[in-house]
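Engineer: First to last, the protein sequences are chains A and B. Numbered according to my numbering, the first sequence spans residues 1 to 267. Numbered according to my numbering, the second sequence spans residues 268 to 426.
According to the in silico footprint, chain A covers these stretches of chain B (three or more CB under 8 Å from chain A):
# : segment
1 : 311-323
2 : 340-350
3 : 365-372
Because the hints were derived from the structure by calculation, they are not lab data. Glycine included, each C-beta is placed from N, C-alpha and C at the ideal position.
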Amino acid sequence: MKVSKEVRDIAEEILRQGQVGGVLGLSSEHGHVGPHLFSSTDDLGTLVLEPRYMLAKVCRMILADFPGERLGVVARGCDERALIEMAKLGQVDLSRLDLIGVACSEAQARECACPHPYPRRIDVGEPVQGVAFADTECAQQASEQDLVARQAFWTHAFSRCIKCYGCRNVCPVCICAECSLEDASWVARGKISPEISFHLIRAFHVADKCVGCGACDAACPVDIPLTRLYAQMREKMKEMFGYEIGLDVTNKSPLTTTLEEAPLHGL
Amino acid sequence: MSERPFQPRIIAFCCNWCSYAGADLAGVSRLQMPSNFKVIRVMCSARVAPEWIIKALSSGVDGVMVLGCHIGDCHYISGNHRAAKRFAVLREMLGCVGINPDRLLVDWVSASEGPQFQKIVTNFVERVAVLGPGKAAGEQRAKGTSELNGLTQQAEKRE
Ligand code: SF4
Ligand code: SF4
Ligand code: FES
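I would like the entire structure built from these sequences, with the hints used as guidance.
Structural biologist: Written as structure tokens, this is what we have:
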């Protein structure tokens, strides 16, 4: 594919120049695609862009494993937003990264209902308009349902949960060493489906951090539409505080600042 | 009892420096208040973790109050700023999943505001009584229980 060829060329160039110790991307081997650290230009033939896979968490691991090295990362809009949120949480050092920015196609943007389907600097691809929250199925559903219908919808959805922790494990902004979801004080052990507190705690924890990458939805084996809830919260953060997640590393979450720094309407 | 069969179970998180003292004052002034709430004293409204509120609501508590110092008076300067914002967001989230956000109240009571404490608590208890039993945990509770002690067992019992 033309796009992956362009990405390969850039990767080859920065590897050859010694600008980075390796390039993190996806590699297709024996019919399987997975994250791969390309450390030599010889491997780059297997570099692919599809299927979409969140690389930010892998990136954190590699940065920690190779202190002092710079790293190239093939990054879509959501990868970059995730890296920015992780940087706010002290998980990655953006100054050690060289992003190869990839803009998503219109079809991809629609599929993800992505509000921002391109990174800040685009090296490959043409930027397309993001999908506004108001135009998503999620917004429509939320506006149609009253409290009773919402409770019925989510109770039913959450009742399918098998507590595999997949959603948490893939999430780039779920980074705590000690997770509240594993603390028996908040979520009783040994019960499936878990108490609703499992989902509400996770939703609250990502409310001011979720970049909408959709990795949790994709990971969930029982198809709980988790991002429908998180997208609503992301929209609330925008309405309440004018806060946009993942766009600016210097812009702290309003939930961690004072009312002078980020006012709350009505106070 | 027969007049108002549903007695909500309510938790009030009160910060040590203002609202707990306000609650104390309401008590020693013998102000009349409903008795179906339990006070949990915390050092600051910002100490109240969202986990606590979520766990309470999902275990069958009908309403939660977070009471702190007035804005500007927090003993830790801006703890209540964080609390105000976090719980405003938490209220929105409860609404998104179909739990009435009015089951969570954030308000401010100073150490000298006994009557204010009385008013807030009375109004909140009435409001939650109108909302009826919290069904967050999907459990049907026996009516009229006023003790919070069996909380964990109750949660365990639900299907
Ligand atoms: S909560 Fe889901 S959509 Fe949001 S950042 Fe985490 S994995 Fe991505
Ligand atoms: S991925 Fe789905 S099933 Fe697994 S814990 Fe998350 S919500 Fe539950
Ligand atoms: S000490 Fe009372 S709200 Fe912070």
